[in-house]
Amino acid sequence: MPINNGGSVEVRIPSRLGFEKVAMSTAASMAKLMGFTEDRVEDLKTAVSEACINAIEHGNHLDASVPVGVMLSIFPGELEVKVHDNGDGMSAAPSVPDIDRKMTGEEEARGMGMFLIQALVDEVQWVPSSTQGKSFVRLVIRLNKESEECS
Amino acid sequence: MPINNGGSVEVRIPSRLGFEKVAMSTAASMAKLMGFTEDRVEDLKTAVSEACINAIEHGNHLDASVPVGVMLSIFPGELEVKVHDNGDGMSAAPSVPDIDRKMTGEEEARGMGMFLIQALVDEVQWVPSSTQGKSFVRLVIRLNKESEECS
Amino acid sequence: MQLTSKVSQQQLATATGKPLTALRFTGDISSTSRDAVVGSYVALSTSAVKQILLDFKGVEYLNSSGIALVIEVLMAANKAAQIVAISGLTPHFTKVFTMVGITRYATLYPDEAAALASL
Amino acid sequence: MQLTSKVSQQQLATATGKPLTALRFTGDISSTSRDAVVGSYVALSTSAVKQILLDFKGVEYLNSSGIALVIEVLMAANKAAQIVAISGLTPHFTKVFTMVGITRYATLYPDEAAALASL
Ligand SMILES: Nc1ncnc2c1ncn2[C@@H]1O[C@H](COP(=O)(O)OP(=O)(O)O)[C@@H](O)[C@H]1O
Ligand SMILES: Nc1ncnc2c1ncn2[C@@H]1O[C@H](COP(=O)(O)OP(=O)(O)O)[C@@H](O)[C@H]1O
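Residue numbers (numbering that gives the first Met the number 0), protein chains in the order written: chain G, 0 to 150; chain C, 0 to 150; chain P, 0 to 118; chain D, 0 to 118.
Since the hints were derived computationally from the structure, they do not count as laboratory data. One or more hints might be untrue.
With beta-carbon atoms standing in for the labels, derived distance ranges [unchecked claim]:
1) Thr-36(C) to Thr-15(D): 40 to 46 Å
2) Thr-102(P) to Ser-94(C): 17 to 23 Å
3) Pro-127(G) to Asn-143(C): 43 to 49 Å
4) Ala-91(G) to Asp-121(C): 46 to 52 Å
5) Ala-75(P) to Ala-92(C): 29 to 35 Å
6) Pro-18(D) to Thr-36(C): 36 to 42 Å
7) Thr-102(P) to Glu-105(C): 16 to 22 Å
8) Asp-110(P) to Leu-61(C): 33 to 39 Å
9) Asp-110(P) to Ser-94(C): 30 to 36 Å
With a cut-off of at most 20 Å between alpha-carbon atoms, the simulated EDC-like pairs for lysine to aspartate or glutamate come out as follows [stated by the list, open to error]:
10) Lys-5(P) to Glu-37(G)
11) Lys-78(P) to Asp-99(C)
12) Lys-56(P) to Glu-37(C)
13) Lys-81(C) to Glu-9(G)
14) Lys-78(D) to Asp-97(G)
15) Lys-56(D) to Glu-37(G)
16) Lys-133(G) to Glu-9(C)
17) Lys-81(G) to Glu-9(C)
18) Lys-78(D) to Glu-105(G)
19) Lys-5(D) to Glu-9(C)
20) Lys-49(D) to Glu-71(D)
Nothing here was measured: the structure is a model prediction, and the numbers come from that model. Ideal Cβ positions, reconstructed from N, Cα and C, are used throughout, including at glycine.
Construct the complete structure from the given sequences, taking the supplied hints into account.
Structure representation (structure tokens):
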């Protein structure tokens with residue numbers, strides 16, 4: 000019987016590139032425990048990895064002594080993931096990458112992380128830092144939803 | 000370049016059977032990041048899983064509201080794993096399972112977890128609770144050691 | 000990595016034509032797998048079934064509580080004078096099964112074909 | 000899941016006999032993979048190499064910084080009027096590459112054989 004009625008896991012990684020894979024594995028394992036299909040686990044893995052990379056790079060400026068905190072919470076039919084950093088965060092909606100502009104150099108080659116997060120999970124919210132000085136991104140992935148189609 | 004010079008990850012799971020797999024995945028991912036071979040990653044996975052099961056069952060008596068804390072720390076050439084629970088812990092050395100006695104029913108079929116932990120990692124220490132009331136088991140797995148041979 | 004254990008049963012014949020009952024496990028083999036492991040063994044007829052193959056090829060997660068269930072099956076099979084063979088273990092779990100002494104009561108084969116060829 | 004990216008290069012011929020240079024990646028493709036991805040492309044002769052196959056079959060981890068490096072290769076290849084094909088992506092990364100529009104500048108094939116048969 001898959002676990003689908005509560006329980007939360009927290010994982011804290013140093014702000015160093017490479018460690019996003021550790022948080023990604025933790026999240027993947029949690030999603031498998033809940034009975035998510037393999038393709039949805041892959042969606043979650045990329046979303047969590049990109050959210051952690053942003054927290055490591057933009058939130059914590061690669062300061063390995065500052066942790067990125069990842070809270071994974073099981074709710075009926077869904078897994079919520081919050082990725083916390085010590086930066087100011089952001090509330091801007093991600094822009095859709097324009098490959099034609101990237102090819103001409105009008106747009107940077109990179110800058111696809113937030114777009115991918117939004118495209119791969121069922122719900123996403125960027126929450127800038129309040130008075131506490133902690134910002135986070137909150138993702139939700141649902142059990143009953145099919146994987147996104149190719150756009 | 001494998002990461003081999005510091006950095007620690009903490010993962011906290013609820014005391015509920017099944018979640019040991021989440022901590023196991025986190026530990027496996029960390030060991031892969033450090034460049035451990037596949038067979039040593041498997042050794043670590045079983046050791047971490049057994050240590051978490053013991054913490055969940057014997058330390059925290061399956062009280063899902065009490066977390067098991069797993070600290071993973073990278074040291075030069077080795078990965079240290081501490082699995083904390085809220086019980087009294089233990090300092091007894093694990094007994095080697097006697098399959099003949101198990102087959103005759105003189106010994107319980109189960110009771111192999113601590114033996115496997117000790118047999119699969121390079122160093123292990125059971126630390127009973129001090130004044131803080133937190134006990135833990137500490138495992139170390141080394142990069143330069145080969146996987147244990149069959150006994 | 001699934002929380003559920005599943006088991007399927009099949010009647011096979013060894014290379015020498017002897018009947019063999021295969022129990023194939025998939026998913027997790029842990030403390031919650033009593034029905035899948037012990038239950039599926041108990042459901043077999045002790046008088047009719049003389050050789051049993053436990054196949055772990057499809058198993059994604061196995062821990063010491065699951066191994067204890069395998070030992071319970073070996074105990075019962077030993078009493079009933081049945082031969083038990085085990086196949087499909089990864090190199091890691093081949094090592095673990097050897098460490099705990101299971102090889103004294105069951106022969107390990109890399110896969111079902113190897114078991115059928117030897118039994 | 001390795002932190003290092005590795006690349007190997009091989010000269011192949013398509014089904015119609017046209018030369019094709021395959022760059023095969025293994026390990027991780029992330030921000031630290033500039034040498035493996037862009038570097039190995041830059042090392043090819045722009046005049047001699049007309050068709051390039053980027054194969055991701057051996058890649059265990061791929062993120063958006065790694066995909067950005069692939070886009071840099073596509074940019075340079077586009078300027079040099081080279082054809083780039085991509086193979087060996089998992090279904091997930093086939094979806095991701097399609098989402099970010101890479102399919103407008105490179106054709107995706109399930110594996111190298113399919114690429115060689117079509118190019
Ligand atoms: N956690 C964060 N904290 C602060 N700024 C962020 C965070 N995540 C994203 N951003 C901002 O949004 C921009 C776009 O992010 P993203 O789409 O992931 O692309 P990239 O990280 O490649 O620039 C980043 O360049 C950064 O300015
Ligand atoms: N974290 C722990 N806290 C308290 N007691 C423990 C702990 N780990 C192990 N023990 C004790 O050691 C015994 C042997 O453990 P183990 O070898 O793992 O076998 P099993 O858990 O199957 O009994 C347990 O039954 C328990 O009494």
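Tested hints:
1. Checked against the given bound of 40 to 46 Å, the beta carbons of Thr-36(C) and Thr-15(D), roughly 43 Å apart, stay inside it.
2. Remark: the range hint 17 to 23 Å for Thr-102(P) to Ser-94(C) is upheld by a beta-carbon distance near 19 Å.
3. Between Pro-127(G) and Asn-143(C), the C-beta spacing of about 46 Å keeps the proposed range 43 to 49 Å intact.
4. Against the hinted window of 46 to 52 Å, the Cβ-Cβ separation of Ala-91(G) and Asp-121(C) comes to about 48 Å, which satisfies the hint.
5. Our hint of 29 to 35 Å for Ala-75(P) and Ala-92(C) holds, since their Cβ atoms are close to 31 Å apart.
6. Pro-18(D) and Thr-36(C) have their C-beta atoms about 38 Å apart, which keeps the hinted 36 to 42 Å range intact.
7. Take Thr-102(P) and Glu-105(C): their Cβ atoms lie about 20 Å apart, and the range 16 to 22 Å holds.
8. One distance hint, 33 to 39 Å for the beta-carbon pair Asp-110(P) and Leu-61(C), holds here, with the actual separation near 37 Å.
9. A beta carbon spacing of about 33 Å between Asp-110(P) and Ser-94(C) agrees with the range 30 to 36 Å that was offered as a hint.
10. A threshold of 20 Å between alpha carbons decides the hint, and for Lys-5(P) with Glu-37(G) the separation of about 18 Å falls inside it, so the pair holds.
11. Restraint check for Lys-78(P) and Asp-99(C): the C-alpha separation of about 13 Å stays at or below 20 Å, so the hint holds.
12. Using a Cα cut-off of 20 Å, the hinted pair Lys-56(P) and Glu-37(C) holds, with the two alpha carbons roughly 18 Å apart.
13. The straight-line distance between the Cα atoms of Lys-81(C) and Glu-9(G) is roughly 16 Å, inside the 20 Å bound, and the hint therefore holds.
14. Straight-line distance between C-alpha atoms of Lys-78(D) and Asp-97(G) comes to about 18 Å, which keeps the hinted pair within the 20 Å bound.
15. Taking the CA atoms of Lys-56(D) and Glu-37(G), the gap is near 18 Å; set against the 20 Å cutoff, the hint holds.
16. For the given pair, Lys-133(G) sits about 19 Å from Glu-9(C) by alpha-carbon distance, which is consistent with the 20 Å threshold.
17. A hinted pair counts as satisfied when its Cα atoms are at most 20 Å apart, and Lys-81(G) with Glu-9(C) qualifies at roughly 16 Å.
18. Only pairs whose Cα atoms come within 20 Å are accepted, and Lys-78(D) paired with Glu-105(G) is accepted, the gap being roughly 15 Å.
19. Annotation: proposed proximity of Lys-5(D) to Glu-9(C) is violated, straight-line Cα distance about 30 Å (limit 20 Å).
20. Proposed proximity of Lys-49(D) and Glu-71(D) is supported: the alpha carbons are some 17 Å apart, at most 20 Å.
Going down the numbered hints, you'll see the structure goes against just number 19.
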